[in-house]
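**Student:** In case you want the letters, here they are:
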Amino acid sequence: MIRFLIRRTLGAAVILLIISAITFFLFYVAPRDPARVACGKVCTPQTLNLVRHNLGIADPIPVQYWHWLEGIFVGRDYSSFGHCSAPCLGYSFQSQTPVLSLILDRFPTTIGLSIGAAVVFVIFGVGTGMIAAVKQGKALDKIASSASLIGSSLQIYIVGIIAMYYLSDQWHLVTRPNDHAGFTQDPAAWFGGLLLPWLVLAIIFTANYTRMTRSQLVETLSEDYVRTARAKGLSRRTVFFRFAWRGAMAPIVTIFGIDLGTLLGGAIITEQTFGLHGIGALSIKAVRDNDLPMLLGVILVAAAAIVVFNIIVDAIYAVIDPRVRLA
Amino acid sequence: MSTPFLSVRDLHVHFSTEDGVVKAVDGLSFDVVKGKTLGIVGESGSGKSVTNLAILGLHNREHTTLEGEILLDGQELLTAGERDLEKLRGNKMSMIFQDALASLSPYHTVGAQIAETYRKHTGASKKEARDRAIEMLRRVGIPQPDVRVDDYPHQFSGGMRQRAMIAMALVCDPELLIADEPTTALDVTVQAQIMDLLKDLQQEFGTAIIFITHDLGVIADIADDVLVMYGGRCVERGTKKQVLSTPDHPYTLGLLNSMPTLDGSVDVPLTPIPGSPPSLLNPPSGCRFHPRCAFAEKVSDGRCSTERPKLDVVEGRGSACLLTAEQKQDLFADFAGTRHN
Amino acid sequence: MSLSRRNFVIATSVAAGGSMVLSACSSGGGGGNSTSNGAGTHTYTGHVTVGTAQDSQGPAPEIQGAVKGGNINGLSPSDFSHLDPQRIYFAWNSALALLYVRCLTGYKIAPDGSQKLVGDLATDTGTMSNGGKTWTFTLKDGLKWEDGSDLTVEDVRHGIERGFASFTTEGAQYLQTALTGSADFRSVYKGPYDGKHLEGVVIDSAKKTITFNLKTAQPQLNFILAMHSYGAVPVKHDTKEKYDKDPVSCGPYKLAAHAPDKSLKMARNPHWDPKTDPIRNAYPDSFSFEFGVESLPESDRLIADSGNDQYTIMAYNGVPAERIQKVLTTPALKQRTINGLLTGLYYYAINCKRITDPKVRQALNYAWPLEQIRRIYGGPSAGDYATSVLSPDILGYAHQDVFGKLKKPQGDTAKAKALLKEAGKLGQTIVYTYPQGRESAYEKTKIVIANALKEAGFNPVIKPVDSTSYYDQVQQINNQFDVMWFGWSPDWPSGYSVIQPLFDGATIANGSNNVSQLNVPWINQAIKQNALITDPAKAGDAWAALDEKIMTQEAPIIPETFQRRFYLHGSKVGGALFDPNFSAFVLYKLYVKA
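Top to bottom, those sequences are chains A, B and C. Start counting the first sequence at 0; every next residue gets the next number (numbering that gives the first Met the number 0). Start counting the second sequence at 0; every next residue gets the next number (numbering that gives the first Met the number 0). Start counting the third sequence at 0; every next residue gets the next number (numbering that gives the first Met the number 0).
So here's chain A without its partners, still in its complex pose (with noise of 0.2 Å):
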């Protein structure tokens, strides 16, 4: 297990190092000057230049990249805004603030958030799956199957649009979506705020966990050590929990990784649609704004959680399946 968590992180490290070289040289290929948006409406050449001297961006790009890796391991000294201490990921361009602290600003909410709706959508999701598994082919299953057809198809900024008008402005049944409060200061607003996101995030969610806890369970359940474990004289439920479910875990605690590794990495739609300050807003905002440390920062922070997600998926899939073996 060490083993594997030691060859997966320095394959993960090697994975975001790609991934930020490619970033950084791909911003270039577009022939845009983000030293553009800070130099005014009649932009002199040497003005311009000020500019990129001042935003760092004035060496040639494999030097602008190597001072950013350097930043990020030993630290970083700016002619405008000073020291910035390891793990330093620059400044952004347009706020002028360091780009880890506002990712750590923003954290809270896109964890918040992402955990907050995955709970609700792993319970209501496997939940109806596992109805509609157990109640194959009756009314219950049809209707599970049905409304998750529908929940799939449904898109966050309509739902999203629609519900806030009805449920907060109209029948003021949910505190319109805000993140105001911190869970720490106080939880009740702080769930408040992020109930409305989380319904929403989840009937779109729930949808592909109930289909798929469905196939899973009916396959697992016509699975021939499913039949032993009952020729045991196990009981149904037993049988049920112990040996079906556990068999239609593993690919869907594999959806539910790369789910909530995408969360994290900024739900960038459901951010927007509510309002909600999180990295995904930070990621509209970085793009608008031709904002190449922040871009970074947060696409790093992406692949992070997609990356961290998947080795502990395997880490997971290993514990649940013995056959599949670590290293």
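Since the hints were derived computationally from the structure, they do not count as laboratory data. This one's a predicted model, so the numbers in the text were calculated from it and none came from an experiment. Heads up, some of the hints might be wrong.
To be verified - Calculated cross-link-like contacts (lysine-lysine; reagent style DSBU-like; alpha-carbon spacing at most 35 Å): (1) C:Lys239 <-> C:Lys143; (2) A:Lys40 <-> C:Lys537; (3) C:Lys207 <-> A:Lys40; (4) C:Lys115 <-> C:Lys352; (5) C:Lys189 <-> A:Lys40; (6) C:Lys358 <-> A:Lys40; (7) C:Lys207 <-> C:Lys358; (8) A:Lys40 <-> C:Lys443; (9) A:Lys40 <-> C:Lys235; (10) B:Lys240 <-> A:Lys134; (11) A:Lys141 <-> C:Lys443; (12) B:Lys86 <-> A:Lys137; (13) A:Lys40 <-> C:Lys527; (14) C:Lys406 <-> C:Lys264; (15) C:Lys132 <-> A:Lys40; (16) C:Lys420 <-> C:Lys244; (17) C:Lys264 <-> A:Lys137; (18) C:Lys548 <-> A:Lys40; (19) C:Lys239 <-> A:Lys40; (20) B:Lys240 <-> B:Lys91; (21) A:Lys134 <-> B:Lys22; (22) C:Lys571 <-> C:Lys264; (23) A:Lys40 <-> C:Lys592; (24) B:Lys22 <-> A:Lys141; (25) C:Lys537 <-> C:Lys527; (26) B:Lys198 <-> A:Lys134; (27) A:Lys141 <-> B:Lys125; (28) A:Lys134 <-> C:Lys241; (29) A:Lys40 <-> C:Lys244; (30) A:Lys40 <-> C:Lys195; (31) C:Lys462 <-> C:Lys548; (32) A:Lys134 <-> C:Lys358; (33) A:Lys137 <-> B:Lys22; (34) C:Lys241 <-> A:Lys40; (35) A:Lys134 <-> B:Lys86; (36) C:Lys420 <-> A:Lys40.
Using the hints provided, position chains B and C relative to the given structure of chain A.
**Tutor:** Just chains B and C, lined up with the frame of chain A:
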């Protein structure tokens, strides 16, 4: 003959499918006595496995209708509740499945799977159950059972897995053991070991065994009595010697002709039975074997395709065929001469 | 879909000048009639005038029925990008800066939307001499910073000098250029941080005067000084780069809290003396802003008008196209709107380096389907047809319509084709480009444009450019585009502020706003001459005449629309007024209804 431990009477197993009703078992009766082995022979789809799943109550209840009578040690199983059946399964009656790799849970250790059965039926502690599992593994001939007890099925070899399967089936000293083609996937050496093991265990505990196979060679090795199934019906039964040496049904004869001789002589050509097993959704009328039967035209008026042959059993011996005894004597004569003389 | 965004780099800043009759609205009433007759024959009144010393005296006239107290809440998709006055250029930032930054001059807006340039920190709009090369201003008494210390001429000079520092690259550069006589002004003076002061700025602390000795005449310096880029900064509390996060107020409100991209709060500045301020009222105790609210949910909240949203305004994104009909056709909602034209012009620049024949450029103007384009934007409520380079805000604006676009807003493709034939350019390829990914409307307008061009005998080729690099690409002098979507907002309401940056051949370079790359000697000459006219009215007439002449003879652009924006406010918000300069609510005139 002692009182049968398991008695199946006029068993019908019907599945309802989207295409219609499948008559998987159609009026089957047999008995199994303690300490004896009943071999059930037939091609796949002949209803042999279905019968045994029905005995354990493991058929799909939603789509299956059962009729008839299954008495286990005097207890009616067809009408028994799920709870009662759970108490019997793995305890008084247990089953060994064909593909041990698929039939053992890949997510639990071999030991845990054995111990689980034991705890369920005896209420033993974890420690006791584990010790019992090790003991069972030792008894079925697993080397270093105290180590291997913590292995997962995929870490076992094929033969060992089958042994473990047997250990699991026998952990509660069942009085009835149903072995569904337990050796099919194994090579001959291992096959022989497993058979010996079953025989030893039977001698020790006096277990009644139903041994399902499509392989007459295996039957010759292990069975006391033989029941030949075709198309959901019993076509012939008798002692092993009766059935194998003096087959009384064209299908049995066909089966014998399609297998190598037991003494290993290779100069006799093998003759497979022409045609394929019948569809149980639309079974052939009359004798279900008649479309494939070499002697069907020997029976006058085409009765083979209209009349269901009766199975008359006298002292455990009988067959369901419209040929007269004289015809059979003529037609089957070759067989006796060339094969098992 | 509102076409203007904060990051619309070009149409961004201070343009001043008249607003229209239609946007003139009294407090909270949502005023005038917002429909037009479709032919675009609006009557534009309201132009900026230069006020007297009397006009420059505080306090600002009370608004009838307004009461003190409460909090006004603003919603916006994005945060203000800069708070340091020297780094402020965007209208969006200026709308807020009005609360805490004061300049020598400023615009005093009347309830009907008309406005006067008055002295803000200065006692009047300055004294010009030496043909526009020397300007002198005197500071008022009683000016204080938020810590209670006096605001001095040194502080005013400090603000000017900070405009030369290496970190204030975002701000305006007119004054710096005029003072040094060089576009590369930082090579002449590097800012106040090494203890040196700027040669051309002379202060007299005792008399509280500040005198600008310019290298080049600038008869409109008093307008230029109203830009927040030239706001005062206290010498003692200047934190250089960090000042952007923590500016010091001399206005009625000061920064109380700021969580970047999330929220911002302005609280009352007790040291601001209304008697010194002819421009600002200050009724609410505080303003709060909530960022990250996209325009659709923002509209829905204001439409619902529940709870705290009754005290809320749309800070900078107008009512989007999806909701505009609902808002305009529901009387109760329409009551809660204000609207006005954006300061600039939306147009299509024709690359004169590639399309060299003026006849072809005229044909493009005739063919252009303004009506179809505006319908995609949302119809008449989206704005008025533009038929000139100068917008109605501009001092001296005179209505003209060289290509008869108001009569045939759908385009006159027959006439265009005839012209093209005459020029022998039938089948001329036109490469049209627009920023892709910013507005879905441009994906639709490209179709009606292509259709019209085909009908007129052109061969249209559509080549969109990703919006993140759009300006960088079209501002390359060797680009491969013929017609480019563009827009321009003047920095102050004069013809110079439009025509010079867009059509002066001397400015042509990579990154220049002369995207048409027009370089015609008589135009270059006329720009130089007009810039020196000291009488504002005469100057205005001269610019309007030049506008018409450029369009008639050269047709370097295709004017499209003067865009209109509608804002909603909550039912408890009073004093709603559209700022003709910054296209937002005039924050300092709002009050919380009792």
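**Student:** Give a verdict on every hint.
**Tutor:** Structure-based check of all given hints:
1. Between Lys239 (chain C) and Lys143 (chain C) the CA atoms are separated by roughly 20 Å; this keeps the pair inside 35 Å, and the hint holds.
2. This hinted pair checks out: Lys40 (chain A) and Lys537 (chain C) have alpha carbons roughly 27 Å apart, not beyond 35 Å.
3. Proposed proximity of Lys207 (chain C) and Lys40 (chain A) is supported: the alpha carbons are some 32 Å apart, at most 35 Å.
4. Pair hint Lys115 (chain C) plus Lys352 (chain C) does not hold up; C-alpha atoms about 41 Å apart against a cutoff of 35 Å.
5. Only pairs whose Cα atoms come within 35 Å are accepted, and Lys189 (chain C) paired with Lys40 (chain A) is accepted, the gap being roughly 20 Å.
6. The hinted pair formed by Lys358 (chain C) and Lys40 (chain A) meets the criterion: a straight-line CA distance of about 31 Å does not exceed 35 Å.
7. Taking the CA atoms of Lys207 (chain C) and Lys358 (chain C), the gap is near 57 Å; set against the 35 Å cutoff, the hint is violated.
8. Restraint check for Lys40 (chain A) and Lys443 (chain C): the C-alpha separation of about 29 Å stays at or below 35 Å, so the hint holds.
9. Our distance criterion of 35 Å between C-alpha atoms is met by Lys40 (chain A) and Lys235 (chain C), whose separation comes to about 30 Å.
10. For the hint pairing Lys240 (chain B) with Lys134 (chain A), the CA-to-CA distance comes to about 49 Å; that exceeds 35 Å, so the pair is violated.
11. For the proposed pair Lys141 (chain A) and Lys443 (chain C), the alpha carbon gap of about 42 Å is over 35 Å, so the pair is violated.
12. Taking the CA atoms of Lys86 (chain B) and Lys137 (chain A), the gap is near 29 Å; set against the 35 Å cutoff, the hint holds.
13. At most 35 Å may separate the alpha-carbon atoms for a hinted pair to count; Lys40 (chain A) and Lys527 (chain C) meet this at roughly 21 Å.
14. Annotation: proposed proximity of Lys406 (chain C) to Lys264 (chain C) is violated, straight-line Cα distance about 49 Å (limit 35 Å).
15. Taken as a hint, the Lys132 (chain C) and Lys40 (chain A) pair is honoured in the structure, with Cα atoms around 24 Å apart against an allowance of 35 Å.
16. This hinted pair does not check out: Lys420 (chain C) and Lys244 (chain C) have alpha carbons roughly 60 Å apart, beyond 35 Å.
17. Between Lys264 (chain C) and Lys137 (chain A) the alpha-carbon distance is near 58 Å, which puts this suggested pair outside the 35 Å criterion.
18. Distance hint between Lys548 (chain C) and Lys40 (chain A) is fulfilled; the C-alpha atoms sit about 26 Å from each other, no more than 35 Å.
19. For the suggested pair Lys239 (chain C) and Lys40 (chain A), the alpha carbons sit about 22 Å apart, so the restraint of at most 35 Å is met.
20. At roughly 29 Å between alpha-carbon atoms, Lys240 (chain B) and Lys91 (chain B) fall within 35 Å of each other, so this suggested pair holds.
21. Using a Cα cut-off of 35 Å, the hinted pair Lys134 (chain A) and Lys22 (chain B) holds, with the two alpha carbons roughly 25 Å apart.
22. Between Lys571 (chain C) and Lys264 (chain C) the CA atoms are separated by roughly 19 Å; this keeps the pair inside 35 Å, and the hint holds.
23. Taken as a hint, the Lys40 (chain A) and Lys592 (chain C) pair is broken in the structure, with Cα atoms around 39 Å apart against an allowance of 35 Å.
24. Taking the CA atoms of Lys22 (chain B) and Lys141 (chain A), the gap is near 29 Å; set against the 35 Å cutoff, the hint holds.
25. Restraint check: the Cα-Cα separation between Lys537 (chain C) and Lys527 (chain C) comes to about 15 Å, which is no more than 35 Å; the hinted pair holds.
26. The straight-line distance between the Cα atoms of Lys198 (chain B) and Lys134 (chain A) is roughly 43 Å, outside the 35 Å bound, and the hint therefore fails.
27. Between Lys141 (chain A) and Lys125 (chain B) the alpha-carbon distance is near 42 Å, which puts this suggested pair outside the 35 Å criterion.
28. Distance restraint check for Lys134 (chain A) and Lys241 (chain C): the Cα-Cα separation of roughly 65 Å exceeds the 35 Å cut-off, and the hinted pair is therefore not satisfied.
29. The suggested pairing of Lys40 (chain A) with Lys244 (chain C) holds, with an alpha-carbon distance near 22 Å, which does not exceed 35 Å.
30. For the suggested pair Lys40 (chain A) and Lys195 (chain C), the alpha carbons sit about 27 Å apart, so the restraint of at most 35 Å is met.
31. The straight-line distance between the Cα atoms of Lys462 (chain C) and Lys548 (chain C) is roughly 31 Å, inside the 35 Å bound, and the hint therefore holds.
32. A hinted pair counts as satisfied when its Cα atoms are at most 35 Å apart, and Lys134 (chain A) with Lys358 (chain C) does not qualify at roughly 77 Å.
33. Distance restraint check for Lys137 (chain A) and Lys22 (chain B): the Cα-Cα separation of roughly 24 Å lies within the 35 Å cut-off, and the hinted pair is therefore satisfied.
34. A distance of roughly 22 Å separates the Cα atoms of Lys241 (chain C) and Lys40 (chain A); the hinted pair therefore holds under the 35 Å criterion.
35. At roughly 25 Å between alpha-carbon atoms, Lys134 (chain A) and Lys86 (chain B) fall within 35 Å of each other, so this suggested pair holds.
36. Of the supplied pair hints, the one linking Lys420 (chain C) and Lys40 (chain A) is violated, its CA atoms being roughly 39 Å apart against a limit of 35 Å.
In this structure, the hints that do not hold are numbers 4, 7, 10, 11, 14, 16, 17, 23, 26, 27, 28, 32 and 36, in rising order.
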